[in-house]
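According to UniProt numbering, the sequence shown is numbered sequentially starting from 1.
Take the hints with a grain of salt, since some may be wrong.
Between beta-carbon pairs, the in silico distance windows are [unchecked claim]:
| hint | residue 1 | residue 2 | range |
| --- | --- | --- | --- |
| 1 | 9 | 86 | 40 to 50 Å |
| 2 | 49 | 11 | 34 to 44 Å |
| 3 | 159 | 17 | 21 to 31 Å |
| 4 | 163 | 11 | 16 to 26 Å |
| 5 | 49 | 87 | 20 to 30 Å |
These are computed hints drawn from the structure, not numbers from a lab. Nothing here was measured: the structure is a model prediction, and the numbers come from that model. Note that beta-carbon positions come from the ideal geometry of N, C-alpha and C, so glycine has one too.
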Amino acid sequence: MDHTTPTLSDEDTATVEAQLGRPPRGAVEVAHRCPCGRPDVVATGPRLPGGSPFPTTFYLTCPRASSACSTLESNGVMAAMAARLREDPALADACAAAHEAYLAARRGIGALTGDGDVPEIAGVSAGGMPDRVKCLHALAAHALAAGPGVNPLGDETLALVGPWWERPCLPSPAEPSAGRAGDRTEEDR
């Protein structure tokens, strides 16, 4: 299929590469910018270059935010959220709506990239939605990309993470290192 895939600017690509410690894979646009002005979430096509399906449409790139999500995961926040999800029908309904919003966003990105719907990941969002809590990074990334009120557990994660941008993940050109890709501790999805 002949199509033009949106891409990150050279500057955003360099920033995301510095944040991740590797080149971004399949990133098509900045889905959210940190208050410091840098990308902190990228939107990824539903197929990576080479054709592999990729369900993580919104990928958290900021190592400070990512590290904070990893800390929350290791402190049992996912288990507590999962228990609430099983017990609270209103929360379950809101998470089901977040799941549908995620899938709709992926379809929109697939239309932009020419990938369309990807059957291998049909009905699969990220972060365990809608029935589980599997990855706070993915939930936070979706909440940032979609805006407040779309993903309740992502919104909660961001509230628990706090203002990660107060210690920027990358130095400005005139300052020494404020962060490094090694701060990213979750497994490379």
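Numbers of unmet hints, in rising order: Numbers 2 and 5, in rising order.
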